[in-house]
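For the sequence shown, the residue numbers in my numbering are -13 to 79.
Hints may be right or wrong, so weigh each one.
Quick list of the computed label-pair ranges, beta carbon to beta carbon [said to hold, decoys possible]:
#	residue 1	residue 2	range
1	21	49	41 to 47 Å
2	25	51	48 to 54 Å
3	70	34	25 to 31 Å
4	26	46	44 to 50 Å
5	32	71	28 to 34 Å
6	22	45	33 to 39 Å
7	32	66	39 to 45 Å
8	20	61	55 to 61 Å
9	17	66	54 to 60 Å
10	29	8	30 to 36 Å
11	15	73	29 to 35 Å
12	34	14	27 to 33 Å
Don't read these hints as lab results, they were simulated from the structure. Computed from a predicted structure; not experimentally measured. Think of the CB as a built atom: it goes at the ideal place given N, C-alpha and C, for glycine as much as any other residue.
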Amino acid sequence: MHPFYGPSRRLVSGGETGLSGLVSMAAYLAFWAAALVVARRELDRRWPVAPRGGSGSDAALGVLRERFARGELDEAQYRAMVGVLAGGPGGAS
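Can you make the complete structure from the sequences, with help from the hints?
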């Protein structure tokens, strides 16, 4: 039993409990630190968070959309480049 939470022979006899209290506190802190790490890993595994910036393909599609909207690409060029990025017909993948 923890020396600060219940009767202890050392407390009753007046013995020193400082070291045992520090060791006990360190053990509690280590336990909760490990428990939090395990809980965080489990939560991340079950409910992963999507990256905010998106993947490289999403960024490339955004650039293509902007260039198409500005008129730098015609529709045929735009569709061909989207197909390449998507790995569809005419794509490298």
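Name the hints, by number, that the structure is in violation of.
2, 4 and 11
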